[in-house]
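The listed protein sequences correspond, in order, to chains A and B.
If you want my numbering, it's the 1-based position in the first sequence plus 19.
If you want my numbering, it's the 1-based position in the second sequence plus 606.
In case anyone wonders, no lab produced these hints; they're calculated from the structure.
Some hints here could point you the wrong way.
DSS-like mimics (lysine-lysine), calculated; alpha carbons at most 27 Å apart, straight line [what the hints assert, rightly or not]:
id	chain 1	residue 1	chain 2	residue 2
1	A	K594	A	K489
2	A	K442	A	K457
3	B	K721	B	K637
4	A	K117	A	K129
5	A	K222	B	K610
6	A	K222	B	K645
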Amino acid sequence: MQKSTSTEQVESQQQLEQLRTLILGEDHQLITHTVKQQARGVVSDVLTEALHDREKKDGSINKVIQPLVENAVEHSVNHHSDRLISSLYPLMGSLIRKSVAAFLADFMEKTNQLLENSLTIKGLKWRFSAWRAGVSFSQYIASQTFVYRVEHVFLIHHETGLLLNSVSLDNHDNSNADIISSMLSAINDFIGDSFSQSPEGMKQQLQTVTTDNFTLLLKPGPNAIIVAAVTGNPPQKVSEHLQITIEALHTLYANELIQFDGDNSTFDNADSLLRDCLLAEEKNIHPKSKKTPWFAWVAVIAILAFIAFRISVWHSLEQLKLQLSELEQQPGIIIQKINIINNDSVEINILRDPDAITVDNWLASKDLHFSQLILNERFYLSLDQKLLIIKAEKVVSQFPNVTSQWKNKVLTLSGTITPTAFKQLSSQLSRVGIVNNKNLDLTPLNIEISSNSNNSEQLNQKVFNGLIGKISTIQLNFPISSEEITPEMHNSLNQLYQQFIFLNQLADRLNVNIGLVIMGSSDNSGNIETNNLLSLKRAENTASALHALGLPKEKMFPTGLGQIDIKEVKNTSRKVMFNVIYVSK
Amino acid sequence: MIQKKICLLGASSVGKTSLVKQFVEGIFNEKYLTTIGVKVDKKLVEVNDQSVQLMLWDIEGNDQYNVFQERYLRGAAGYIIVVDHTRSSSLLEGIDIHTLARQVTSAPAILVINKSDLPKQWHWQDYELEQYKDILIINFQQVLKQVSK
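The shape of chain A in the complex, shown without the other chains:
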């Protein structure tokens, strides 16, 4: 088919030559020679104007000259670089400066854009969308930033489907471009053959192929097809531009296209025309009228207010706890737990001495008020010195003839008191923790015994007998093979000591001498010797304890009874017993 076309051309040229010979006859050679001689002058006269007119008419001069100039410059650079450099030298400095400035501006702009796109919410959103759509981020940005953008342009030979030339936006060499060309031609052929011909008798041609990411625009010419791969929505003007380009290519490469034999290097110069088709239009991004995000602001303010409120509540609770914990500094109060609910109700678990300040009074004194106060109070006996003073004062105030004075944490009582009152006084004091010879000094206290009547003597005798009886009821119980005086025994001994002192005073009045017999005993386990020794040891230890309380040794007679062989008691008779011996003076 190609062969026949070239044959036709040769034939037509021969026919034209024959026609010239027929018309011009013998003068043919002469005329041709003369025309050739004149040609230079004729062409040079109109060359500039002709070029100007043609360029103005269809702009084809530029396209023809461009590859020539490029080649000339390339040649010049390769072979006459010195000349080129000296010509360009004066321009170089300012060119480089401009270029650097432009580069910096571009770099800043790009960095800025990159930061904007990468770090903003919009950027992250785009990244997510790109990931979801399965396209690269840059591709997605392009789709968002451009209304459309021509990414690739292919020039395909119609007959063979071979790729003549291709350009891409990022100068990326698409190694599959030739396969794409062939497949597109195949599809185009398939469409052309499969569907009915148009009314004009032309085969159907594929015009557009649309995929998820791009649109292929095809503009078929008689010998070549131009194909543009476009992202976004290409407007009509892209099609029009492609149409103009394919027409221009057909004009420029008419012969080359007809005679194409597979060598596409002939079409290298079509680059510039194809590159003109890489059109793009940026999206006109109107800055959105910035709506104030009221809901978001309200939400943010509400959250901040809530946080501030919680902090202030927490702070005031801490303050309150700090204030309440001062309660513990009060004598006779131990705080176990403070629980503050909603800033105005409080639950306190405390241990309080009955003589200590009440919580209500303390709160009132501190000017603290709560809508609800849950007080879980349990009493205990405090031996705090401050409370002992209050307690002692309370007790002593009941006895008008007794005065009290604290000195080195020891309460000294003075004045005169009846034996009954003395008994009450010492019992009450010991109940609050003020014990004779520990923190109580009774020496200056004068126990007054009325001796002016028989009645009183009889009464004294009665009291005397009663006391002897009381003393003989006191027994100390020891654990097995132990002779230690325990704190419990101390209580009994303290009681016994006070009774014996009082008994001694009564004995003086009744003219009687008294002594305390302290009898230790043991159970029947172990041998008799050991038991004798153990019982004596128990008695002696008891005597020592009483002596420590203030009882003179000469008033006591400790003795060991050993085992007490009475059937019912002999197994458990680990005791110390007391008896008062009295004789008239």
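Please arrange chain B on chain A, whose structure you already have, making use of the hints.
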């Protein structure tokens, strides 16, 4: 760069796609997938110190249900008819395809007999092949002669 369009024609399942795969990628896959329409591959070869890129058009196989479509032959620099020597009918079908192809192109064609690793199962006599002599171009005849030997 010089590019040439080469088409592979033949009855269905003679191994056109496998041939291309073997030629381009150097691998053979036992899986059989029928080609639909056309599949294009490329292979760069050196001819007389010149690189030539072959665009290999692997065209779907033809059988009684799928008649030969000459559309894909347009502009081909040559074509290869593939037959399978385990099936006598594939040669007859190949010759039919060649006859049809000759109506639209005069490009050189060669015959390839595929599956030579399997035992030959056709029994052609020389005189039987003679009757096809006139319709075949030189290359084709030569190959045929070799086959009949």
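Do the alpha carbons of K594(A) and K489(A) lie within 27 Å of each other, as the hint requires? Roughly 17 Å between the alpha carbons, so the hint for K594(A) and K489(A) holds.
Given the hint that K117(A) pairs with K129(A), test it: the Cα-Cα distance must not exceed 27 Å. holds (18 Å)
So if I understand the rule, the pair passes when the alpha-carbon distance is 27 Å or less; does K222(A) with K610(B) pass? Satisfied, since the Cα-Cα distance of roughly 25 Å is no more than 27 Å.
Is the straight-line distance between the alpha-carbon of K442(A) and that of K457(A) 27 Å or less? Status holds; Cα separation ~17 Å.
Would the hint linking K222(A) and K645(B) be met if the CA-CA limit is 27 Å? holds (23 Å)
27 Å Cα cutoff - pair K721(B), K637(B): holds (15 Å)
Going down the numbered hints, you'll see the structure goes against none, and every one checks out.
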